[in-house]
Amino acid sequence: MSDQPDNGRRQFLSRGTAATAAVAVAPGVLLYDFARARPPAEPASSAVRWGLLIDTTRCDSGCDACVSACREENALPLPLKPTDPQWIRKVELTQEGTGRKVSLPMMCQHCAEPPCVDVCPTGASFKRADGIVLVDKHRCIGCRYCMMACPYKARSFVHEPVEDHSGATPRGQGTVESCTLCVHRVDEGRAPACVDACSREGHRALLFGNLNDPDSAISQRLRSVASVKLRADLNLDPGLSYVGL
Amino acid sequence: MRRMAGLLLFLAALTGAAAAVPMPELDVGQGGHCVNDPQVMRQNHMKFLYQQRDETVRLGIRGGKYSLAGCVDCHASKVNHSVLGSDRNFCQGCHTYAAVKIDCFECHSSKPRALSAVQREGGHP
Chain S
11 MSDQPDNGRR QFLSRGTAAT AAVAVAPGVL LYDFARARPP AEPASSAVRW
61 GLLIDTTRCD SGCDACVSAC REENALPLPL KPTDPQWIRK VELTQEGTGR
111 KVSLPMMCQH CAEPPCVDVC PTGASFKRAD GIVLVDKHRC IGCRYCMMAC
161 PYKARSFVHE PVEDHSGATP RGQGTVESCT LCVHRVDEGR APACVDACSR
211 EGHRALLFGN LNDPDSAISQ RLRSVASVKL RADLNLDPGL SYVGL
Chain B
2 MRRMAGLLLF LAALTGAAAA VPMPELDVGQ GGHCVNDPQV MRQNHMKFLY
52 QQRDETVRLG IRGGKYSLAG CVDCHASKVN HSVLGSDRNF CQGCHTYAAV
102 KIDCFECHSS KPRALSAVQR EGGHP
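These protein sequence lines are chains S and B, in that order.
Per this note's numbering, numbering of the first sequence is gapless, rising by one per residue and ending at 255.
Per this note's numbering, numbering of the second sequence is gapless, rising by one per residue and ending at 126.
The hints are all genuine.
Calculated pairs, SDA-like style, for lysine to any residue (alpha carbon to alpha carbon, straight line, at most 20 Å):
no.	chain 1	residue 1	chain 2	residue 2
1	B	LYS102	S	GLU173
2	B	LYS112	S	GLU173
3	B	LYS66	S	GLU52
4	B	LYS48	B	ALA100
5	S	LYS137	B	GLN53
Not close to chain B: a few residues of chain S, all C-beta gaps over 12 Å, as computed:
no.	residue
6	PRO161
7	LEU221
8	ASP223
9	SER229
10	LEU232
Hints were generated in silico from the structure; no laboratory data involved.
Everything numeric in this text was worked out from a predicted model, so none of it was measured.
Virtual Cβ for every residue (Gly too), placed ideally from N, Cα, C.
Using the sequences plus the hints, can you model the full thing?
As structure tokens, this is what we get:
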């Protein structure tokens, strides 16, 4: 009997190793969700649902690192007119009566029940298996129904011809676009550009991760702090949550 | 024998006709081994690109061999670093010849990406 391997002990040890791999590499930098990035040839799976937790108590009203990081990553032009594309914008809120001020980034909320997908007549607006809501610009006819349907005003229409193609996301005139949650980075096992920029600034107001994994940093934090979904009354089940609103 | 001579004449006429049609003179850029046989690519590149495009955008499958950026990386002209610009440039040259509108580059870059590690080793990105 004694030559039989002690499987219980082995499993315990291997679990211990996995847990070590998942701890913080440096303060604020967690490898937890990305340690198990899927191979590039595999399709995105619904076992994962990507989400963001935005801690407005850590968000500095004078900082727009997330906005400029997004612009740089995706080669977006500086918004000069109200109709120019904005994938992420900083919003300042003041509570009536008390005068309490809150600063927060607003972008596509990556809903589980996205109204932009419901209204799209061509199937260009779609939700990927891992919960990221995207526009397939090959199918987009620029009708802008999705922009009307989105309660978060998260989508933009590209009015002008695109000259700068150096960005990670192909963009073109006559199509609608919005935050892609930096899907190209997520597929490489990296966090979105805004999240990295916020960490670099030392604010760490943005936490990215897999909502379907109860052990992920984002799930643990969602369990431990009070957070809200924007316009929760619409029952769209956004992938983004906000703390401190 | 007479029939044979006729056939030969016919073949010669065909070859002459083919030579008379002006073929596009393309600047293939870096060139080298393509991801598939060049004749297969000439005939089917659009199908391969469509297939992979949908798999990548909608399913999130990355790293397939028929990448548009991969075409550009190898075939951008060494003169203007693009696959567009004149009727000698790789994509534009052939598309003008075939009178097929090319709209890939209204959104995608017609210039090569920075050299990746894979490319430096001579492989395809």
